[in-house]
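Trainee: Given next are the chains, with one letter for each unit.
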Amino acid sequence: MPKWADVLLVPLFSLVIAFAISALVILAIGEDPIRAMELMVTGSLGSTYGWGYTLYYTTNFLLTGLAVSIAFQAKLFNIGGEGQALIGGLGVALVCLFVPWPNWWTAMIGAILASAVFGALWAAIPAYLQARRGSHIVITTIMFNFIAASVLNYMLSHVLRPPASMDPATARFASELRLPRLADVLEPFGIAFSRSGPANVMLFVALAFCVLAYVMMSRTKLGFEIRAFGQSEPAAHYAGISAFRIIMIAMLISGALSGVMAVNSVMGGPQRLVMNAVEGAGFIGIAVALMGRSHPIGIIAPALLFGFLFQGGSELAIETTIPREMIVIIQALVIMFTGALDNLVRQPLEAMFALGRRKS
Amino acid sequence: MIADVTGGAAADAAPAIELRGISKAFGPVQANKDINIRVRKGTIHGIIGENGAGKSTLMSILYGFYRSDSGEVLIDGKPTQITDSLAAIRAGIGMVFQHFKLVENFTVLENVILGAEGGALLQPSKARARKLLTQLADDYELSVDPDAVVEDLNVGHQQRVEILKALYRQANILILDEPTGVLTPAEADHLFRILRGLKEQGKTIILITHKLREIMEVTDEVSVMRRGEMVATVNTADTNPSELAELMVGRKVLLDVQKTPAQPGEVVVSVRNLQVIDRHGVERLRGIDLDVRAGEILGIAGVAGNGQSQLLEVLAGMMPGTGTMTMNGKDMDLSLRRDNARTRREDSIAHVHEDRHRCGLILDFMAWENVAFGYHDRPEYQKNALLMDNAAILEDAKGKIERFDVRPPNPMLTAESFSGGNQQKIVLAREIERNPDLLLVGQPTRGVDIGAIEFIHKRLIELRDQGKAILLVSVELDEILSLSDRIVVMFDGKIMGERDPEQTNAQELGLLMAGVVGDSVTGDAA
Chain H
294 MPKWADVLLV
304 PLFSLVIAFA
314 ISALVILAIG
324 EDPIRAMELM
334 VTGSLGSTYG
344 WGYTLYYTTN
354 FLLTGLAVSI
364 AFQAKLFNIG
374 GEGQALIGGL
384 GVALVCLFVP
394 WPNWWTAMIG
404 AILASAVFGA
414 LWAAIPAYLQ
424 ARRGSHIVIT
434 TIMFNFIAAS
444 VLNYMLSHVL
454 RPPASMDPAT
464 ARFASELRLP
474 RLADVLEPFG
484 IAFSRSGPAN
494 VMLFVALAFC
504 VLAYVMMSRT
514 KLGFEIRAFG
524 QSEPAAHYAG
534 ISAFRIIMIA
544 MLISGALSGV
554 MAVNSVMGGP
564 QRLVMNAVEG
574 AGFIGIAVAL
584 MGRSHPIGII
594 APALLFGFLF
604 QGGSELAIET
614 TIPREMIVII
624 QALVIMFTGA
634 LDNLVRQPLE
644 AMFALGRRKS
Chain R
46 MIADVTGGAA
56 ADAAPAIELR
66 GISKAFGPVQ
76 ANKDINIRVR
86 KGTIHGIIGE
96 NGAGKSTLMS
106 ILYGFYRSDS
116 GEVLIDGKPT
126 QITDSLAAIR
136 AGIGMVFQHF
146 KLVENFTVLE
156 NVILGAEGGA
166 LLQPSKARAR
176 KLLTQLADDY
186 ELSVDPDAVV
196 EDLNVGHQQR
206 VEILKALYRQ
216 ANILILDEPT
226 GVLTPAEADH
236 LFRILRGLKE
246 QGKTIILITH
256 KLREIMEVTD
266 EVSVMRRGEM
276 VATVNTADTN
286 PSELAELMVG
296 RKVLLDVQKT
306 PAQPGEVVVS
316 VRNLQVIDRH
326 GVERLRGIDL
336 DVRAGEILGI
346 AGVAGNGQSQ
356 LLEVLAGMMP
366 GTGTMTMNGK
376 DMDLSLRRDN
386 ARTRREDSIA
396 HVHEDRHRCG
406 LILDFMAWEN
416 VAFGYHDRPE
426 YQKNALLMDN
436 AAILEDAKGK
446 IERFDVRPPN
456 PMLTAESFSG
466 GNQQKIVLAR
476 EIERNPDLLL
486 VGQPTRGVDI
496 GAIEFIHKRL
506 IELRDQGKAI
516 LLVSVELDEI
526 LSLSDRIVVM
536 FDGKIMGERD
546 PEQTNAQELG
556 LLMAGVVGDS
566 VTGDAA
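Just so you know, the sequences run in chain order H and R.
Each residue of the first sequence is one higher than the one before, counting from 294 in our numbering.
Each residue of the second sequence is one higher than the one before, counting from 46 in our numbering.
Possibly wrong hints are sitting among the right ones.
[Stated by the list, open to error] Derived list of chain H stretches under chain R, where covered just means 3 residues or more per stretch with a C-beta under 8 Å from a C-beta of chain R:
| id | segment |
| --- | --- |
| 1 | 501-514 |
| 2 | 524-532 |
[Said to hold, decoys possible] According to the in silico footprint, chain H covers these stretches of chain R (three or more CB under 8 Å from chain H):
| id | segment |
| --- | --- |
| 3 | 412-422 |
| 4 | 458-472 |
| 5 | 542-548 |
Hints are computed from structural coordinates only; laboratory data are not their basis.
Cβ coordinates follow ideal geometry from the N, Cα and C atoms, glycine included.
Using the sequences and the accompanying hints, generate a full structural model.
Mentor: In C-alpha cells:
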C-alpha cells in the first residue's frame, strides 16, 4: 500500500465508519443524524465564534497529543497526561498568583516554564519506578492521575481558595495576565474574529512545539536514541544507549508537554485554576497520538478533529435533546476505529491495492 | 534408477507430494514462480537455496500458512486444498520448524497431545500418547522421557518432541526446516539415523537446509531453488557440493576460504578468570582465560548455548561479569558500573552481534540510520552541538553500502527490506569500517546466502591481515575450521581445549563440543 493511502485513506475510512455508527445511534434515540451533523459543523466551524472554541480545544489536544507521542516513540505508554496537566495547572496558578509579572508575555513564559517543571516532576516518579524498578508505567501513570486529582482537590479547597469563596478554585489572576486571544492577534491584519472564543496565542506556542519536537526526533542524537530505544530495547542496549536515561528523558519531556497544556486551559481559559481545568484532554491526547501515528506533525490534523468533535458536541447538547454523553460515544467510536481497530480498515485496503497492482 | 529406490508398490504410486505451477507474490516480490516439484513416496528429498530463494514460502504454502496465487497441490496424486495448518495435518503433513513451537513448561506428553487431545478429558489421550511414544522410541531411536518438562530438555531432545508431535498426528510427510542449526555433529548424526529409519517405514521426508554436506549425506534427491524458481531437481548420487552451490548461486563459488598463514603480533585483548552469572542465577561462564593477538582470528567452537553468547556480550560491555579484561593494556570494567557498550566502542572494540535482528540492527530504521547506529554520537556525524548531520551520515552510508556491495544499494530502504546476507553486510560495514583493534563476531553467516558468505569471509580475513584481532564465535564448524588461526572449544561455560585448525577435524572438535575430553587432549590456551 502506498504511503499516502496509509496516512490519508486509513484514518478517513475509519472516520467514515465511526460517523456512520454514530448516526445509527443517534437514529436509535429518535434524533435526526443529518441535522446533528449540520449542527456540529456549523457550531464548531461555521463561525469565528465556533472556531474560537474549536481551536482552543485543538491547542489542548496538540500539547497532550504531543506529550503522548514523544513518550510513545520510546515505547512508553504515558496514560498520565491528565494528572501531569493538573499538576502543571497548579504550577501555572502559583506563578500567576504569586509573581508580580509586568505583562502577559513574561507571565506566559513564566507559566510555561513552571507548568513544564511541575508536569515533568509529576511524570518523573512513574518514570523512575519504571526505569529502576520495572513498575509498569501504564499502571503507575494512571494511578498518578488519581493522586494528582486528590492533590489538586486539597490545594484548591484548603490552600489556594480565597477565604471568602465557596468555590474550590483559586482567585482570578490579574487582568493584565490575560493571554491575547485570536481576535487580538488577527486584528492588526484586518481580520475580524469573534472575541468570545478562548483560543489564544498558546495555539502558536503549541504548533511551535510540534515543529520543535519534529526537529528533535528526526535531527538530534536524543531523538535518534529515543526512536532506537522505542524500536528495539535490546538493540539500544547493544549500542550502549542507557535505558534509564531514555526512559527518564522521554517521560520528563512528555510530562512537561502535558503540563504546558494547562497554560492554555488556565491562563487562556477561565483565568483561574478550577478543579476540571483539564477536561479529559490528557486522555484525548492518547487518541490524537494514535491517530497521528505518534508523529509530531502528524498529530496536528487529529488534534483539530477532536477540537471539532469537542466543540461540535457542546453545540449539540445545547441545541438538541441529544445528551452531552452522546458526544462521548461519538468520540469513543472515533478513537476505537482510528486507533484500536486500525486493521479493520487497513487490511481490506491493502488487499484492494494488491489486487489493483496485479491487474495493472 | 527412479523405480528401484523405494521398491515395488511405492514406485508405481503417485508421488507423495506434487506441486504444479505454484506461484506466490508478496506485493511486488515474486517469492515463488511457477514451482513444479515431485517428491516420491518413501524418500528423503532435500530442498536447498539461498536465503530469500523462496524455500520457506513454498513450505508455508504446503503447510497452509499462505495460500498460493496459482497452481495446485497434489497429495498422493489427489488434488488437495490446503487452506490452513489443520488441513495440512489432515492431509498427513507434519512440520518441524526451525524455531520449535513447544510450550516450555509443559511435559513432553502434554506437548505431544496439545491440539490433538481428542476429547474433554486428558487421561485417555495421554495414555494413548504414552503408548505410542514408547513404540516410536523403540522403532526409531526417538527416545524422550514423556514426563520430562520441555524446558529441561536439551535442543536435540526438544527437536525429537517436535518430530513425535508430527508422528502422533499420523504425519506421512515430514517437513524439517533447517533442523541441524542447533545440534552438535553427534546429535545431527542421530537425527539423520532417525530420518533414515522413518524413510524405511515408508514416510516421506522433506529436508530444507543450506548445508550442502547434509544434503549429500542423507537425501535421495535434491531440488535447488534460486530467486523464487526451482532451477533443478537431481539425484543426490549424481551430483556434488560444488555443482549444487553453483546451481544455488547461479555462478561458480569458492567454498574454501583462501588465506595465508597468520602473522600474530601483540596480545590485543586478554581475559582472565572470566565468570558470569546471569539474571536467573545460572552460571554461564566459569573461569574463561583467553588472549587474542593482533593479526589472528581466534575461533570459538561450541554448540549454541554453552556460554559463547555471554562471552561476546561481556567483552562487548553488554553484560556484567567478574574477572579481568585488558584491552590494549588498559583495564576494562567488567562490572559495567563505569563501562558500557559505548565506552567499549571508544576503546576500539567493535561487535557484530550474533542476533542481527534483535540487536545488530533496528529493522524499522533505514539503512543509512543503521550505518550510524551505535556510532551516532561520533563527531563526524554532527552538524553542531545540537543537530546531527543527517546528510553526512547518508553520504557515509552510501560509501559503506557500495564498498560492502549491499544490494539493493539504496540507503533509504528500511533494514527489514534487505535479505539476511545484505543485512549482515550493513552490520559488518558499520563495524569493520571503524577499523577496530578487536572485532567480536557472533555467527557472521547465520541465515546468510552462499554468495554473501564468501564475501563476508573475505572481509574478515582482510581485517586480520591488517593486523587486527578477531574473536569469532560460530556454531558452523566448517566456518570455524576454515577461518580460524586458533580454535578453542567451549562447553558448559568452560574452555575444553585449544586446537590448531590444521591439525584437527570436525570429529575431534565435535567430541570436545559434547564435553568429552579424550586422552589425546594436550596443551592448553597459549
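Trainee: Which hint numbers doesn't this structure obey?
Mentor: 4 and 5
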